[in-house]
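**Student:** Note that the protein sequences, when read in sequence, are chains A and B. If you want our numbering, it's the position in the first sequence, counting the first as 1, plus 428. If you want our numbering, it's the position in the second sequence, counting the first as 1, plus 1158.
Treat the hints as calculated values from the structure; they're not laboratory data. Hints should not be assumed to be uniformly reliable.
The calculated label-pair distances, taken between Cβ atoms and stated as ranges, are [stated by the list, open to error]: (1) B/Ala1204 x A/Gly503: 17 to 23 Å; (2) A/Ile656 x B/Asn1192: 42 to 48 Å; (3) A/Gly514 x B/Ser1202: 21 to 27 Å; (4) A/Ala585 x B/Thr1177: 18 to 24 Å.
Ideal Cβ placement from N, Cα and C applies to all residues, glycine included.
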Amino acid sequence: MATESEEGGLVFHPMDQFIVTPLFGDDTIHWYTPTNVTLWMALTVLGIFALLVLGTRGRAIVPTRVQSIAELAYGFVHKMVEDVAGKDGLKYFPYIMTLFMFIVFANFLGLLPMSFTTTSHIAVTAVMAMGVFLTVTILGFVLHGASFLKLFWISAAPLPLRPILALIEIISYFVRPVSHSIRLAGNMMAGHAVIKVFAAFAAIAVISPLSILAITAIYALEVLVSFIQAYVFAILTCVYLKDALHPHH
Amino acid sequence: MEGDIVQMGAYIGAGLACTGMGGAAVGVGHVVGNFLSGALRNPSAAGGQTATMFIGIAFAEALGIFSFLVALLLMFAV
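Here chain A stands alone, though its shape is the one from the complex (with noise of 0.2 Å):
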């Protein structure tokens, strides 16, 4: 990734890594023209599958290793909805696990070499942020008609305070897909573009050892992140979700 231009030094583009390309040489990208981002994004479902729906296949009641990673994964997702949205937030468990197993499994088959990251685009972030805003915000207008907005109500402020803290509720409820997006997104962009800018300094013989560890810790930092952010957008959801469920203080 490291080149040495005209001027001498060295210039290296770390971020090229994030730049969709078409699969088959074309230079227009479509809407339906398949990318690196489909791909891996296919890759990612297949990855899903291969987990989930072949690693039961078997069924068996003292579970094989596949088997067991795949129970493990959906009581740890059961449980999360359980505690955090309460018994009536486990009609939503299939939502908030296929957004936790998606977003797990993007970020880790982001990490292998020369892959892409699908989660590290603002445009994949986003549009998992906007789904689950507009389901909860939908969700607690069918549930509970107008008093759903006795959300923003702060009902245990004085009187006077009210209005001014209904506004800063009201903002900070239209920030939250903001939030939840950039989040993800930001967190794996900013993993990758660190390694990959250990990496261009890996060209330089005299500190290519040194910058080699380097790679080594933040890959291990970057597993840990990925696991974290995953749960972390699935704990968020619940949380709103609890919010549109039972919209009272």
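Starting from the known structure of chain A, arrange chain B on it as the hints suggest.
**Tutor:** Only chain B this time, still in chain A's reference frame:
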């Protein structure tokens, strides 16, 4: 030249944007430190609150990531 000054401004801005990550580091350390001090006083109640700790860490770290994103955008996308 016009392009050079814009480029210099972008690089200086990228360096300044990195100071935001110091606040994020203090915030995350604050959350985890408070969790640890509470957990060492009441270990049996600590397990149930690790989820809350992770949510707190995510919120505090997100703002540091926002500032790093601004720095990256200024460096490579301006």
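**Student:** Each hint should be assessed against the structure and marked as holding or not.
**Tutor:** Against the structure, the hints come out as follows:
1. B/Ala1204 x A/Gly503: 17 to 23 Å: Between B/Ala1204 and A/Gly503, where Cβ atoms are some 21 Å apart, the hint holds.
2. A/Ile656 x B/Asn1192: 42 to 48 Å: 19 Å, violated
3. A/Gly514 x B/Ser1202: 21 to 27 Å: 23 Å, holds
4. A/Ala585 x B/Thr1177: 18 to 24 Å: Between A/Ala585 and B/Thr1177, where Cβ atoms are some 34 Å apart, the hint is violated.
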